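Visitor: For this one, chain F is given, so just place chain P on it according to the hints.
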Amino acid sequence: MDKRKIKLPVSGNQFVLIIALALVTVIFSALNKNYFTYTNLINILVSSTLIGLTSIGITFLIMTGGNDLSAGSVAAFAGVFVAWALKATSMNWFLIGLIAIAISAVAGVTNALMVTKLNIVPFIATLVSQSIWRGFAYLMCDGKPISIADKGFLAFGKARIGGTEGIPVTVILMIVFFVIFGFILAKTKFGRSIFAIGGNAEAARLAGINANRVKTICYVMTSMFAALAGIILAARMNSGQPSASPNLHFDAITAANLGGVSMIGGIGSIPSVILGVLLVQAFNSGLNMVNVSSYWQYVARGLLLFASLAIDFYRQRTRAKKLLADSMKTL
Amino acid sequence: MPNVIEFRNITKYFPGVKALDSVSFTARGGEVLALMGENGAGKSTLLKILNGDYQQDMGEYLVNGQPCHFNNPREAVAAGIGVIYQERQIMLELTVGENMFLGRLPSGLFGRIKMNEVHEKAQKIIDEFGLDMKSTDKVKDLSVAYQQMVEIMKAYSRENLKMIAFDEPTASLSGTEIESLFRIIQKLKAEGKVIIYVSHRMAEIRDTADRVAIFKDGCFVGDSPIHEITDEELIQKMVGRDLGDIFSSLDKKKEIGEVILDVRNLKSPYLKEASFVVRAGEIVGFSGLVSAGRTEVVRAITGADPQTGGEVWLDGKKIQCKTPHDAIRNGIVMVPEDRKLQGIIPRMSVGRNIAVGSLDALANRLGVINSRREAEIGLEGKQNFNIKTPDLEKPIVELSGGNQQKAIVARWLSTDPRILILDEPTKGIDIGAKSEFYNMICDIAKRGIGVILISSELPEVLGLSDRILVMRGKQIVGEIDAADATEEELLTMAMMEGAVYG
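Heads up: the sequence lines are chains F and P, in that order.
Residue numbers 15 to 345, in my numbering, belong to the letters of the first sequence in order.
Residue numbers -2 to 499, in my numbering, belong to the letters of the second sequence in order.
Incorrect hints may appear among the rest.
[Claimed, not checked] PhoX-like cross-link-like pairs, simulated, lysine-lysine; straight-line CA separation at most 20 Å:
1) P:K213 <-> P:K424
2) P:K111 <-> P:K135
3) P:K234 <-> P:K213
4) P:K424 <-> P:K250
5) F:K101 <-> F:K165
6) P:K337 <-> P:K264
7) P:K391 <-> F:K336
8) P:K431 <-> P:K213
9) P:K431 <-> P:K443
10) P:K471 <-> P:K234
11) P:K184 <-> P:K45
12) F:K336 <-> P:K337
13) P:K443 <-> P:K249
14) F:K343 <-> P:K121
15) F:K336 <-> P:K385
16) F:K343 <-> P:K391
17) P:K319 <-> P:K264
18) P:K391 <-> F:K201
19) F:K335 <-> P:K391
20) P:K385 <-> P:K443
21) P:K111 <-> P:K121
22) P:K118 <-> P:K45
23) P:K131 <-> P:K121
24) F:K131 <-> P:K111
25) P:K121 <-> P:K184
26) F:K335 <-> P:K337
27) P:K269 <-> P:K471
Keep in mind that the hints were calculated from the coordinates and are not lab data.
Since the model is a prediction, treat every value here as computed from it, not as a measurement.
Chain F on its own, in the form it takes in the complex (with noise of 0.2 Å):
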């Protein structure tokens, strides 16, 4: 054992993801002054919950090797499915919601069915229910935002731990599931298999994992906690809106990307796909506030994926060089 090296509280990555989201904070708040306040930061938290509960699902999904484009769409679907139904039924919004979640992971199986019965690419088959879902959206309300007037589901968007400058319930909600999902990820069965899958999944499937089933209930999980976003911005808008978050998925694939998640599969971590999710969000709002067209946003929106997804590159490509140089000078 080497006990001379003292092992750091982070990992490198971690390290530089708190460099930079340092760095974003410090430009924002010399571009404007009420960026980094205590109402602002609060905010940022808010907003990173819809980012946050999808790059859950998305994290685990690109571990196996898969990805979900349709997370945004099953978003939208779900909002304006509890508007809906606070509307149209005398049912409680905590039952609503629940079932609003249950049908959205439709949407999950029917992606993993694509993914792994038809051989059809992740990327494809879940274009095809980007599609579908937000029609459904769209048909459900025909075309027109649904106002919701539901007191209870209103506070639950809105409502704060410790008093009105406390801390929102969304953002435990959120931490809560991060710390749930980061323990199912490093210590149980289930996430020591998708690590497996995605690292090789012929090498996982001859040492007796069942690729399948995971892949599927990975799909599921993602469809599930797109919907439970959706749920929240509804709440949190007070409609359900059918052109609701275009960019979910694309924000929470940036955010797993740039906490480590390859997107070769095999490697991530929750902890330090929290702090992509920081980042992405302190990006975002950082634009909004300093005044960004939402145009230049989504050129903003597509460089960062672009140079996390270069970073990566580059990280794989040093290793595989020094790799070889190890293996010259050995033998």
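Guide: For chain P alone, kept in the frame of chain F given last:
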């Protein structure tokens, strides 16, 4: 001036392996040079350097005296280097002519392809080759042999063609098809092209080659005009290896017990039929050439391939393994053939790679892994199998090939198996690590585990096994007591009969 291809001290590394070790040889136009060697001797790596798929790490590659550096196969093809692989590299939906001139189809106004010109040129070559096909035929309608001819003509249609290499070209051809292939090879030879011919089939090489170059463990052993070397000498050069001492010093004394595994008329889509038994403490060797069906037998047993017939009995009970998971639960585990593609999970740590086979045992009812036990399994594996790694947290891909393989063996032994299958366990591993493996395998058998050993290295099969089954053409063709067998005998059974054409 005749064409000349020359390799000077070519060395090629892969992570953890030296695939070619300072290989030097020359191939001249107007002769057919056969490359021979066991599986893993470095022939495929050599072909891939020839056609620009790989680049050498050291040494020089000269074509007609000019040093060459191809960054990809396209550059090699453009320079007149053609390699014909076993797997077809042509477009089935296109016509013969289109395939031959793909990538350089003559075009006219607005990029319109001058189809008439294509077919005219193509038909000329077809006629020159004396083949019964039309340039306008779709490739998918041709026989496998003719598809291969299209590939050869595709290479030939480049005026600057200097070399053409064939990788096991007769694998899927019939007797008469092979004859017409040889006729074409003679034609190319007469035109002064360099011909390189890779094959395991001795009779074929005698028929078509002028000279043979022999490779072993990534090294060039020597070459000889084909008529100046006997089959025995050739085989001896291919296999000759100073492992004799290693095997004679192995402690093989042990008790062979009851039958554990009884395989009866097992069939799969890739296997004709196999029946055999494995006893407790017994090492059963499987010998034969690549694609003789050895791997297919064990893949069918473990459920990696679907079983289409027959039965597998374990400890007197009939078992049904639909997936590798079923096999593992029954105590049948396999160290697969391709360590990189089927064994290791590259970026996962060494410790977790070892423990990943024991996930069922490690997880409680909620699926939570007992981390302490997991770490123990990793550590036990490291100690029991002498895995050289500074720590178990290191990604397994950073270890040498031998240590990776030890970790995979450790993975499966930690599941406490009844039957251990080793498919080419020492492929690409250096001699030192090999002898460690041999001791390990003997120890494993002594514990009463039944071992199935598949190996293309004859000394290995002979030195380790108690009993040897020889396979050819996807079925078992013979069984020899290891004590009575010789390398020559095994190789003869695997190569000579039936497989010879004509």
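Visitor: Hint by hint, say whether it matches the structure.
Guide: The hints, checked one at a time:
1. P:K213 <-> P:K424: Holds - the C-alpha atoms of P:K424 and P:K213 are around 12 Å apart, at most 20 Å.
2. P:K111 <-> P:K135: 18 Å, holds
3. P:K234 <-> P:K213: 8 Å, holds
4. P:K424 <-> P:K250: 26 Å, violated
5. F:K101 <-> F:K165: 12 Å, holds
6. P:K337 <-> P:K264: 27 Å, violated
7. P:K391 <-> F:K336: Cα-Cα ~14 Å, so holds.
8. P:K431 <-> P:K213: 15 Å, holds
9. P:K431 <-> P:K443: 19 Å, holds
10. P:K471 <-> P:K234: Given that 20 Å is the threshold and the Cα spacing comes to 27 Å, the pair is violated.
11. P:K184 <-> P:K45: Roughly 25 Å between the alpha carbons, so the hint for P:K184 and P:K45 is violated.
12. F:K336 <-> P:K337: 18 Å, holds
13. P:K443 <-> P:K249: 8 Å, holds
14. F:K343 <-> P:K121: 53 Å, violated
15. F:K336 <-> P:K385: 19 Å, holds
16. F:K343 <-> P:K391: Since the Cα atoms of F:K343 and P:K391 sit roughly 19 Å apart, the hinted pair holds (cutoff 20 Å).
17. P:K319 <-> P:K264: 13 Å, holds
18. P:K391 <-> F:K201: 18 Å, holds
19. F:K335 <-> P:K391: 17 Å, holds
20. P:K385 <-> P:K443: 24 Å, violated
21. P:K111 <-> P:K121: 16 Å, holds
22. P:K118 <-> P:K45: 29 Å, violated
23. P:K131 <-> P:K121: Holds - the C-alpha atoms of P:K121 and P:K131 are around 10 Å apart, at most 20 Å.
24. F:K131 <-> P:K111: 43 Å, violated
25. P:K121 <-> P:K184: 15 Å, holds
26. F:K335 <-> P:K337: 17 Å, holds
27. P:K269 <-> P:K471: 5 Å, holds
In this structure, the hints that do not hold are numbers 4, 6, 10, 11, 14, 20, 22 and 24, in rising order.
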